[in-house]
Amino acid sequence: MIWSLSIYLFIYLFIYLSVHSSIHSSIHPSIHPSIHPSIHPSTAYHQSYHCGRGFGIQDSVIVMAPNAEIILYHYRFSPFAKRIVWYLNLRGIPFAECLQAPVIPRPDVDALGTKYRRIPIVVVGRDVYNDTRLILQKLEKLYPEYPQISAASMGSPDGMAAEKLLEFWTIDGLFARAAQLLLLDLPLLNDPKFTSDRENYTGKSWEKGSLAKGRPEALVPHCRILKLSGHSIG
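Here the sequence shown stands for residues -21 to -1, 1 to 213, where the numbers follow mature numbering (1 follows the signal peptide of the UniProt record, and there is no 0).
Read the hints as simulated data drawn from the structure, not as lab findings.
All C-beta atoms in this analysis are idealised placements derived from N, C-alpha and C, irrespective of residue type, glycine included.
One or more of the hints may lead you astray.
In silico lysine to aspartate or glutamate, DMTMM-like type, Cα no more than 25 Å apart, as pairs [to be verified]:
(1) Lys183 with Asp164
(2) Lys206 with Glu119
(3) Lys120 with Asp106
(4) Lys187 with Asp176
(5) Lys61 with Glu119
Derived CB-CB ranges, DEER-like [stated by the list, open to error]:
(6) Pro166 with Arg203: 46 to 56 Å
(7) Leu165 with Gly104: 17 to 27 Å
(8) Asp170 with Lys206: 26 to 36 Å
(9) Tyr180 with Trp65: 37 to 47 Å
(10) Leu69 with Thr93: 39 to 49 Å
(11) Leu165 with Leu144: 27 to 37 Å
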């Protein structure tokens, strides 16, 4: 179920950030004459491309599955990008990845002809899509031959209602709180380029003292969702 991905999305966020050193609202079809023309479905399973240069990312490796026509632009620790990666893997849909820096500018994204600054972005052929919720809906329609996992595809009105409810709860509610729970010793929080980028985007201070003050209140909704998913809190 798609709503299950929303729950485990946030569980993943905290596990991932604990062990590593470090909303989008519309689909934009964009006919662009040249979207990385070197990337072709007939490419070998693993192939290197010049993607995601800058911010410590040099020549990233794009994992290209046979006959993949989907290219996912993202950075590894984005929880929203993980939602799309898990969805594609769960359904067995082949895709390629073009890794990006966690801050703008992103020349690879600019080359797509879009000024959209959030991650992930999905390219299918010459069409460019953003917003994880709408990306999922589009992928459901574009690839009906792969196993279906949404309540809508299964014709379950109750399941659809549950998906929408949990989607609103997790995406529109929990994610804002998740940013307040970033580990304060993350190297990224010591990088003025990263903190300045996020402050300009959110309009809020990313100074460690400010983040620390909001942690107790931000923890409450996450404890609730962990209990809902059957995880103990100690």
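* Asked: At the C-beta level, are Leu165 and Gly104 separated by a distance inside 17 to 27 Å?
  -> 37 Å, violated
* **Leu69 versus Thr93 beta-carbon gap, inside 39 to 49 Å or not** => 27 Å, violated
* Take the C-alpha atoms of Lys187 and Asp176, compute the straight-line distance between them, and say whether it is at most 25 Å. => 15 Å, holds
* To do: Evaluate the given range 26 to 36 Å for the C-beta pair formed by Asp170 and Lys206.
  => At 34 Å between Cβs, range holds.
* Asked: Is it true that the CA of Lys206 sits at most 25 Å from the CA of Glu119?
  -> 30 Å, violated
* Can you let me know if the beta-carbon spacing of Leu165 and Leu144 is within 27 to 37 Å? => 32 Å Cβ-Cβ, so the 27 to 37 Å window holds.
* To do: Sort out whether Asp164 lies within 25 Å of Lys183, counting only the CA atoms.
  => Satisfied, since the Cα-Cα distance of roughly 19 Å is no more than 25 Å.
* Asked: Does the structure keep Lys61 and Glu119 at a Cα separation of 25 Å or less?
  -> Given pair Lys61, Glu119 holds - Cα atoms ~17 Å apart, limit 25 Å.
* Can the suggested window of 37 to 47 Å be confirmed for the beta-carbon pair Tyr180 and Trp65? -> 25 Å, violated
* For the range 46 to 56 Å, tell me whether the beta carbons of Pro166 and Arg203 fit it or not. => Taking Cβ atoms as reference, Pro166 and Arg203 lie about 30 Å apart, which means the hint is violated.
* For the pair supplied as a hint, Lys120 and Asp106, is the alpha-carbon distance within the 25 Å limit? -> 14 Å, holds
Consistency note: the structure conflicts with the earlier hints numbered 2, 6, 7, 9 and 10.
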